[in-house]
Amino acid sequence: VDNVLHGRNASMIMYGQTGSGKTYTMNGVSRLVVEQLFKMSMFLTNVTIHVSCTQIYINQLYDLLSASPKHPRGVQIDTRNKSYKAFPQTQLRDVEHALELIKTAEGNRAKGSHQLNQFSSRSHSIVCFTISHLRGKSKLYLVDLAGSERAKKTKVTGDAFEEGKAVNNSLLSLSKCIQAMADHADYIPARENLLTWCLSDCFTGGQVSLVCCCSPAANCDDETRYTLSFADVARQVKIARATYEVMKEV
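Numbered according to my numbering, the sequence shown spans residues 1 to 250.
Derived by calculation from the structure, the hints in this document are not laboratory data.
Predicted, not measured: the structure shown is a model, and the values here were computed from it.
The beta carbon of each residue, even a glycine, is placed where N, CA and C say it ideally should be.
Fair warning: there could be bad hints in the mix.
BS3-like mimics (lysine-lysine), calculated; alpha carbons at most 30 Å apart, straight line [claimed, not checked]:
no.	residue 1	residue 2
1	Lys70	Lys111
2	Lys165	Lys103
3	Lys165	Lys39
Distance windows between CB atoms, simulated [unchecked claim]:
no.	residue 1	residue 2	range
4	Thr204	Asn169	35 to 45 Å
5	Pro88	Asn46	34 to 44 Å
6	Lys137	Ser66	19 to 29 Å
7	Gly28	Ala231	30 to 40 Å
8	Ala86	Asn59	29 to 39 Å
9	Asn46	Glu96	36 to 46 Å
10	Asn46	Pro216	44 to 54 Å
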């Protein structure tokens, strides 16, 4: 939070198989982050905090705060122009307002049942805080990824299989970006997938924090090994010096 208030884009990403505690952990992190944002922003001048709550479901982006009987997943956001991001935002009044919106968004996520979890999240959830003040503007992303398990473990078919396929493709793209950062590559393939495009602000000069969740179950040893391997790559990433996005005076 301190880095974000000083101009650096940042993200905290929950990674791991379904049922390993990602969403539970993120709920606790979200409260701490919101409380710190409002507490520390008191020392800044003319600060405003906006939030957007979106989900990526089968390679489409939806506004979770606009969900209704007509649009149960939320209104779809047009992402055809990959050079411009315009996600619906809500200005936050206080901590309670922020937590209420996050809770509403979580309740609107796409969920499904399979062999490993009766109430599995089938989409990636992205909560983005945009902090604006006299010194500039920065973003903080809280990302709760869908489970990283393979289809043979979930035993799903039909639409549920397509959900899992889309999830795993996006996680593969994320791993490529993390690997490129660890290798100090000149090019990071952030536009390869919708998930990495949404988080691209943090791949160059930003801060990426990864929380890996593992299941203690013996039949999940493969997923645990993959998760720890992903974490080992991520820990090699060296973050560049923070830069400010200077706001033009009107």
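How the hints compare with the structure:
1. Lys70 x Lys111: Distance of about 17 Å is within 30 Å: holds.
2. Lys165 x Lys103: Distance ~27 Å between Lys165 and Lys103 Cα, so the pair holds.
3. Lys165 x Lys39: violated, 41 Å
4. Thr204 x Asn169: 35 to 45 Å: violated, 23 Å
5. Pro88 x Asn46: 34 to 44 Å: The hinted range 34 to 44 Å is violated for Pro88 and Asn46, with Cβ atoms some 23 Å apart.
6. Lys137 x Ser66: 19 to 29 Å: holds, 24 Å
7. Gly28 x Ala231: 30 to 40 Å: violated, 19 Å
8. Ala86 x Asn59: 29 to 39 Å: violated, 19 Å
9. Asn46 x Glu96: 36 to 46 Å: violated, 22 Å
10. Asn46 x Pro216: 44 to 54 Å: holds, 48 Å
In the structure shown, a violation is registered for the earlier hints numbered 3, 4, 5, 7, 8, 9, in ascending order.
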